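Asker: Here is how the chains run, residue by residue.
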Amino acid sequence: MKENIEKIKDPIISTRNLSIAYDKGNYAVKQVSVDIKKNSVTAIMGPSGCGKSTFLRAINRMHELYENIETEGEVFLNGKDISKMQVIKLRRMAGMVFQRPNPFPTMSIYDNVIAGYKLNGIHIKKKEKDEIVERSLLDVSLWDEVKDSLFKKGTFLSGGQQQRLCIARALAFNPKVILLDEPTSAIDPVATSKIEDLLVKLKKNYTILMVTHNMSQAARISDYSLFMYLGELVEYGKTKNMFTNPKDRRTEEYLTGKFG
Amino acid sequence: MVSIKRTTIRDHAHRRILKDKLIFGMVIFLSMVTISPIILIIAKLVINGFRQISLNFIIQNTPGTFEAMTAVANGELIPGGIANGITGTLLMVALASVIAIPIGVVTGIFLYENPGKFIANLTRNVADILQGIPSIVLGLIAYIWVVKGITNGFSALAGSVSLAIMMLPMIIKSTEETLKMIPQTIKEAALALGVPYYKVILKVLIPTGFSGLLTGILLGISRIMGETAPLMLTALGSTVVNFDISKPTSAIPLLIWEFYNDPNMVSLIWSSSLLLMGVVLLLNLLSRQLANSSI
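The listed protein sequences derive, respectively, from chains A and C.
Heads up: the first sequence begins at 1 in the numbering used here, then just goes up one per residue.
Heads up: the second sequence begins at 1001 in the numbering used here, then just goes up one per residue.
Don't read these hints as lab results, they were simulated from the structure.
Heads up, a few of these hints could be off.
To be verified - Below, simulated EDC-like cross-link-like pairs (lysine to aspartate or glutamate); rule was C-alpha separation at most 20 Å, straight line:
1) Lys1117(C) to Glu64(A)
2) Lys30(A) to Asp81(A)
3) Lys1187(C) to Glu67(A)
4) Lys1199(C) to Glu1113(C)
5) Lys201(A) to Asp223(A)
6) Lys1180(C) to Glu67(A)
7) Lys1117(C) to Glu67(A)
8) Lys84(A) to Glu70(A)
9) Lys1187(C) to Glu64(A)
Stated by the list, open to error - Okay, the calculated bits of chain A under chain C, using three or more residues with CB under 8 Å as the criterion:
10) 57-66
11) 80-91
12) 100-109
Computed from a predicted structure; not experimentally measured.
A virtual CB, placed ideally from N, CA and C, is assigned to each residue, including glycine.
All chains should be modelled from the sequences, with the hints used to inform the complete structure.
Answerer: In structure tokens:
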């Protein structure tokens, strides 16, 4: 199995024997050891219930929200053990974007972008706030669309715009890594392609780790792909290689649509 | 053959249409029956009470029996108003809200956060039971606790405590239900930004569900505003405006009861009821409006 896992030098994220169980002994993620390359787009693929989301959430410790969850093994972000980091610092370094766009309904577009600062009670100057808002919205190519309505509610935007707003909210903290949990599954095709372009653009400054159900999306935008099945990491390597020449039979069957 | 079949089909169609009309007529009729009491009540109150309503009615205290008797004998309007009742109701409702809202909202949050826990289920059931306790019993309890125990006499505080206990289960329920309506994803969004749990509740969940919370509170207020029985045992009543919470205090529903018992003041019943009903109706409409505008 080892030969199916690509070795990466200077990874930004690495997991060592990471196992996660929702109930005792019922593992959703089994012994996953993987290194994620800096400034790349890495797609996590696999059929429903294979532990993709759980694995992703383990990286910023969002999985700890579930009761009775048990985690074994280690996760390193930027060389540091995340279990020893403060949650707020960890989540500032690893921003997260969810399946459904979830801007805060009570906040304006402006406040949504700096929500991380506002809600945590981090005081920054007005000028700095303006800069963060402009930079983050420019990064997600939303600035031109909303610059005249920054103080309108974020929920007035279209689904695709809302999702880009949520990405901007994650970017506002200037994270190292952006974790995306099927970010386009609730969004129309045109908005999806905008977000895909955006992710490719963002990898210059950030590392992107994305769960996706959509194989063609993984093929279009990811540099590396990770295939999981029943909680195990089956195969990990350059997307091109994996799609043209999968090493594991299960990967091949999934990619050719035999299951999943 | 064919023509026979056609007639039978047509017969059935005719019967179905007739049935449909009959049922529709019944629905309309029963709806009318349902809404007619409220229309009749409002009409009666307006017709009988409107004459008495004036500025004086709101800013003056209740008249003495003798004054009222003379006025009625001379065919004039009864002088004076129900300022003591209005201020008493406002004072006691405000105090009851101050007691019940924080406790109710915090309990509601607790129930929302720990849905399956034993203590939460127990609390929820107790709140349900509390809602079913007759209000006169709550008055009795407040009498024992506050009138006998704290203020050594009938007082606004005792009235407020009994009203607060009535209001509590409503606020607990509405808080829990409102928070349940907020999508889990909103909570996740805040947590993914590293926001500590208590700040997620204070700065995200409560503002997001604010109109829902307010709806519950307004409904609770409109409910306790008309309560009479517990106040008879606790606040007792007063002929003057009183803002001292340790003294007996009047309230609009208490005054209505007093007017009912005094043959000279009967016409004040209608105007007081009209005022009370108007305020309660307004609060209900307002909370409805808020509920519609919430997510």
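Asker: Run every hint past the structure and note whether it holds.
Answerer: For each hint, the structure was consulted:
Pair hint Lys1117(C) plus Glu64(A) holds up; C-alpha atoms about 19 Å apart against a cutoff of 20 Å. Pair hint Lys30(A) plus Asp81(A) holds up; C-alpha atoms about 19 Å apart against a cutoff of 20 Å. With a C-alpha separation of about 16 Å, the suggested pairing of Lys1187(C) with Glu67(A) holds against the 20 Å cut-off. Restraint check for Lys1199(C) and Glu1113(C): the C-alpha separation of about 14 Å stays at or below 20 Å, so the hint holds.
Between the alpha carbons of Lys201(A) and Asp223(A) the distance comes to roughly 13 Å, so the proposed pair stays at or under 20 Å and holds. Straight-line distance between C-alpha atoms of Lys1180(C) and Glu67(A) comes to about 18 Å, which keeps the hinted pair within the 20 Å bound. With a C-alpha separation of about 12 Å, the suggested pairing of Lys1117(C) with Glu67(A) holds against the 20 Å cut-off. Our distance criterion of 20 Å between C-alpha atoms is met by Lys84(A) and Glu70(A), whose separation comes to about 16 Å.
Pair hint Lys1187(C) plus Glu64(A) holds up; C-alpha atoms about 14 Å apart against a cutoff of 20 Å. Counting residues of the segment 57-66 of chain A whose CB lies closer than 8 Å to any CB of chain C gives 3, so the stated coverage by that chain holds, three being the minimum. With 5 residues carrying a beta carbon less than 8 Å from a beta carbon of chain C, the segment 80-91 of chain A meets the three-residue requirement, and the given coverage holds. For the segment 100-109 of chain A, the assignment as covered by chain C holds, since 6 residues bring a beta-carbon within under 8 Å of that chain's beta-carbons and 3 suffice.
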